[in-house]
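The lines below spell out each chain.
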Amino acid sequence: MAIEMKVPAVGESITEVTVATWNKKEGDHVKLDEVLCELESDKATFELPAEAEGILHIVASEGDVLPIGAVICSIEPVAGASIPAASVVAEAAPAAPVVQGDAIPAPVAVAAAPAINATVLEIKVPAVGESITEVTVSVWNKKSGDSVKLDEVICELESDKATFEFPAEASGVLEIIAESGSVVSIGGLLAKITVGAVAPLAAAPVATANEPVHSDAVRASATTYASGHPSPAAAKILDEKGIAANAVAGSGVGGRITKEDAQNAVPGAPVAATSVAAAVSNGPSDARGVRREKMSSLRKTVARRLVAVKNETAMLTTFNEVDMKPVMDLRSKYKDKFKEKHGVGLGFMSFFTKAICVALKEFPSVNAKIDGEEMIFHDYCDISIAVSAPKGLVVPVIRSAEHLSLAGIESEVVRLAVKARDNKLTLEEMSGGTFTITNGGVFGSMLSTPIINAPQVAILGMHNIVERAVVVDGQIVVRPIMYLALSYDHRIIDGKESVSFLVRVKQLLEDPARLLLDI
Amino acid sequence: MQEFDVIVIGSGPGGYVSAIRAAQLGFKTAIIEKYAAMGGTCLNVGCIPSKALLDSSEHYYNAVHHFEEHGIDIAKPKVNLKQMIARKSSVVEKMNGGISFLMKKNKISTFHGLGSFDSAKTVKVTKEDGSSETLSGKHIIIATGSKPTILPFIPVDKKRIITSTEALKMTEVPKHLIVIGAGVIGAELGSVYARLGSKVSFIEFADSMIPTMDKTMGKELQKSIAKLGAEFHLSHKVIGASVKGSEVTVKAENSKGESVEIKGDYCLVCIGRRPYTDGLNLAAAGLVADERGRIAVDEHTLQTSVSGIYAIGDVVRGAMLAHKAEEEGVFVAEVIAGQKPHINYNLIPGVVYTWPEVASVGRTEQELATAGIAYKEGSFPFKALGRAAASMDVDGLVKVLADAKTDEILGVHMIGARAADLIAEAVVAMEFRASAEDIARMSHAHPTYTEAMKEACLAATAKRALHS
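Listed in order, the protein sequences are those of chains A and B. Residue 37 is where the first sequence starts when you use the working numbering, and the numbers rise one by one after that. Residue 61 is where the second sequence starts when you use the working numbering, and the numbers rise one by one after that.
For the record, the hints were derived by calculation from the structure and aren't laboratory data. Everything numeric in this text was worked out from a predicted model, so none of it was measured. Glycine included, C-beta positions come from ideal geometry on N, C-alpha and C. Hints are supplied without guarantee of correctness; some may be wrong.
[As the list claims (entries may be wrong)] Cross-link-like lysine to aspartate or glutamate pairs, in silico, DMTMM-like; alpha carbons within 20 Å at most:
{"no.": "1", "chain 1": "A", "residue 1": "Lys272", "chain 2": "B", "residue 2": "Glu359"}
{"no.": "2", "chain 1": "B", "residue 1": "Lys400", "chain 2": "A", "residue 2": "Glu503"}
{"no.": "3", "chain 1": "B", "residue 1": "Lys167", "chain 2": "B", "residue 2": "Asp178"}
{"no.": "4", "chain 1": "A", "residue 1": "Lys460", "chain 2": "A", "residue 2": "Glu192"}
[To be verified] If you want the ones that stay clear, here's a sample from chain B, every Cβ over 10 Å from chain A, calculated:
{"no.": "5", "residue": "Glu153"}
{"no.": "6", "residue": "Gln426"}
{"no.": "7", "residue": "Met452"}
{"no.": "8", "residue": "Lys465"}
{"no.": "9", "residue": "Glu468"}
{"no.": "10", "residue": "Ala494"}
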């Protein structure tokens, strides 16, 4: 009896696929799970594995466009095959509908929870923001087979902009589909929850296993009692890396952790320290390792955007220097009082932000955006501040900074920095800035050429403050000097404006009374 | 004073393996052995010589009892015990040389003499000629092993009342050998002499042979050894023994409290072994042995209470088995190198080299019942196996215990031809937490003894063995 293979459902909005290439020819002998052909949707290309072993008969040729569910080919079990071969086919057949009903990835051979009548809720990635098309599953707080409660946080998702916690949409037993580290597009299947069930649900099949069908179903189930069990070699490697077995997704049979899984596992930051200490404690060991690590979504996006800005704008940088003495004097004179009154320290950021807001008002093109063939000017100043967060660079925004007092700016900076450190910034808090400040000075940078934070058109780089010999009124004096850099998009900002903008900022900082007098 | 990264005291299977692993890891390593020959109890007076005699006696037994049925007619064979012992000795000698070679190959410095602690970082080696030298080591591994336990009311004279050591170099085949203790060593050596024609009487305090193993194993083994003409006094408590000329009298009390007297020409005492740390001068290192003579070690590192001193094998807790000591030897060397090795003590197989052999790994039925774990049992007898029938080795069975819910294999117990080798499959499966059905679905070559494992797993999965 030939098995018909149909186009599987590959995603919510996809209704048809194109047969891109056949890897096998008509009449070929194919094995179970061998890749037969490549299918293309308008979103992605994916491979179609054989659902059984046998002789291939191709129905749809290359270039054909097929709706979901249409027959692509059929596989005929080899005539006169030995008994074991026949039994493979027989077993594959009942599994087939499950495979077809779902997305292609392998581990979806879910044994559709045979004994339980409860509803199975599919948990999908929600739309989290306008421009976000995919998320990375950063960590699962629950394991497959665990009971979860409504609204309990089951995993953390990471988009290129933010990390957010994902709560259970129902109470029941969890079955993880997308393992930690996998990238899932919006609307993609994350997990299933068997509503109302209580762990351990494994109780159902094997206990009564007197006939083979039941136990076979158990074998096919995505997680088992052995999921996450490391092999002897894997256990040693994980211990040496300081990684708990439950932090690793096992790729072995039944989710077992293989030696390779352990070799590829990357330690999470908090536990790593102890293992490093142990590893260097004694005796000879290999110190010349290399490590491969997948880029996080955030890192990939940062990388892509930075290159795009370099390629698509006419970016250049202008420099100036600021004598920080007046601001520093002011600060040391009032910092205690300021702190007492406002409950927040008086830093340099407030002076810079304030000075920039004044300058932006005077040079509106620096506070603009390009949208196609039009320029968008803002009569408000939403200042983005680049902050180094544990997972990489983030850029939260101080809204309408021009209306804020120095204290208001300082407390906003503290609030956003704390959230950035804890990965708690929302998308809202990170979008829509009109101008960016970046401070490489905190790490000791003397001078740099920052890259514009698109679609903005200018960015100011602050640097370290160094005592330098400068000439004031014909005398060489020592002054605390900071170099400033303004990178700008020459397409809409002319040299005159950019340079004047920076000079204006310099002027305001070297004589802060101007901020008060508005001159 | 010579300085080393690692000093190993004792060259048994734990000690010499530990030294090799330490050397592989780049440590400057020394090994100290009290006797002239390397290899410890296992090689000199344990595993290897007993297996040599077990096989010789098995050949003899087959020649007498089975050759005719196989269609081999020979003149009535005679036991040449002198030659048997000589062959055993040559096997041991050859292996002694092998270990010395391995030490040289790995550039391990060998010191012959009694090692004793001078301090927590130094060990004095006193040689046979009385001279001594002191070595210092950053890390010291105690691998001094064990000796047979001797009870005060049994006067072991090593001539008529003997231990396993003497039983391996007998000059005559006993007429009536009384074996006190029907555990692993008693069962093995008792069956050697039973095959060679001795009448063998076992006296055992527990109510079965090999009492620490799964009950079915003890029962089946007793059946097989009874076929050799042995008799059993189970649930008997030995209260004394005496020698008069060439006659040994052992007095015991049965379960009803009645006294029993058994007379024979030799008495073999196999009531267990004790950790051996005599002459080691533990006090100088700041160490004390516990009330059973063992050295306490940390579970995760096998380090003793003194930093830099480790202990492995029979001197520490756990089963007194050569392969357990080997695992610990490797373990400690890797711990010293900053690695994090593992030992799964639940999966160290236990083996009795009688014929049929007994082997087991994991939990017994009794342990599972006590722990309240619901389990399924599947057994398969060797007599239903084509290979066993062809070879006329039909005694025994394989018993698989699997979790009632998950089908995970929790224990495997087997008695039968080559069980000692067959158990390896169970260890591998259990290290990966395989289910009974996993094994049942793997191809096992036909005809082999391993098919019994597959069939027992089928039986454990869902009572669907194919050939029973």
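Here is how each hint holds up against the structure:
no., hint, verdict
1, A:Lys272 / B:Glu359, "15 Å, holds"
2, B:Lys400 / A:Glu503, "52 Å, violated"
3, B:Lys167 / B:Asp178, "25 Å, violated"
4, A:Lys460 / A:Glu192, "12 Å, holds"
5, Glu153, "35 Å, holds"
6, Gln426, "22 Å, holds"
7, Met452, "31 Å, holds"
8, Lys465, "6 Å, violated"
9, Glu468, "6 Å, violated"
10, Ala494, "8 Å, violated"
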